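Q: Sequence:
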Amino acid sequence: MAILIANDQARRIFLERQQLSASPTRALNKQGLLQLIDDLGFVQVDSIATVERAHHMILFSRNQTYRREHLTALLEKDRELFEHWTHDASIIPARFFRYWKHRFRRREPIIAERWRKWHGEGFDSAFENTFRYIADNGAIMSRELKAEDHKSGGWWNWHPNKTALEYYWHTGKLAIAGRENFQKIYDLTERVIQPQHHEPQVSHEEFIDWACRSALRRLGFATSGELAAFWDLITPDEAKDWVKAHRDELAEVLIETADGSRPRASFALAGFPEALGDVPEPPARVRVLSPFDPLLRNRDRAERLFNFSYRIEVFVPEPKRQYGYYVFPLMEGARMIGRIDMKADRKVGSLDVRKLWLEKGVRPSAGRLEKLDAELLRVGRFAGVDKVTYMSGWRDT
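For the sequence shown, the tail end lands on 402 under my numbering, and the numbers increase by one without skipping.
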């Protein structure tokens, strides 16, 4: 018989799995940062720095003693992290690289065909020369290989060498050795990924088992579709077959939804939820999340658990935006309470709050606004500014 999990308990479990239940002020050294990213599974990378880039915001929201230089060292010196693709560009523990080899093999023919459609036949004309140049001369950025006859424009008009660099990165032959002004530096994969992470091979069965089991541990409970979507490494059918083959290791659970609609049938590892122990209440403070926070990555799951409908409107034409270009979700305890439009003006040292929207039923009490102000000051200091400025009309009435 399926176990019914109340919505408030399901929220706490998911928040704990997402590393949002521990104190955000606990000391975090470099090794602790590596463990935090390992526990999350990955951290999405994004270039938008309205306040701070997504990967920094994601880590800061979980631990406000986080130091950017530790992340850089783990990526570029210690090589305990690497950059590649999950559902989007992400920072991933290097010990998982062996599983990404399966992604490379699966994606290579798909990417080749897709890029042939984008760029036309002969899109790979510069590939061999580009690869040989890096092998002989070392790490390089795309601007250093710019062809003279390429057209300007978006990714569909990349010059052949840029296309080669990205193709080889997506198929595992090149890796990101570092970044300069957020531009990728490419090198041979075996010169970036340490041998203990680069050389091991895993079978297809081990790969599927790891992809599903590791996703389930990080989600707490999930449908087979959610398992497939977590890493975006396997197909929904492969996840469904894994669930069928491992039913004796799984518990059937019904997850109560925030709006009281029909509970969601899901799976968890056997012994759930008792095996989790006492799942703590998350800190009661208000926290600003990145628009790319993994808590909200699966929008449907977030809406079911938190009754919070959130979409990133970066690519929505301005007249059609409901909120704004880059609006940050707000969390208080185990509850999503609203969203905020703000930008760091580093020239004047101010975090400018343009608009605040609170969710239906969330009161703008003095205590709540004080907690929000304290969090904005912390975020502002992290972003390199020393004050918070509330712009005219910032309160949603």
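What the hints contain is simulated information worked out from the structure, not anything from laboratory work.
Hints are supplied without guarantee of correctness; some may be wrong.
[As the list claims (entries may be wrong)] EDC-like mimics (lysine to aspartate or glutamate), calculated; alpha carbons at most 16 Å apart, straight line:
#1 Lys-245 <-> Glu-210
#2 Lys-35 <-> Asp-93
#3 Lys-35 <-> Glu-74
#4 Lys-245 <-> Glu-231
#5 Lys-392 <-> Glu-375
#6 Lys-365 <-> Asp-264
For clarity, every value in this text was computed on a predicted model and none was experimentally measured.
Q: If a hint holds in the structure, say so; if it doesn't, say that too.
A: Okay, the hints, checked on the actual structure:
{"no.": "1", "hint": "Lys-245 <-> Glu-210", "in the structure": "holds, 14 Å"}
{"no.": "2", "hint": "Lys-35 <-> Asp-93", "in the structure": "violated, 25 Å"}
{"no.": "3", "hint": "Lys-35 <-> Glu-74", "in the structure": "holds, 9 Å"}
{"no.": "4", "hint": "Lys-245 <-> Glu-231", "in the structure": "holds, 10 Å"}
{"no.": "5", "hint": "Lys-392 <-> Glu-375", "in the structure": "holds, 15 Å"}
{"no.": "6", "hint": "Lys-365 <-> Asp-264", "in the structure": "holds, 13 Å"}
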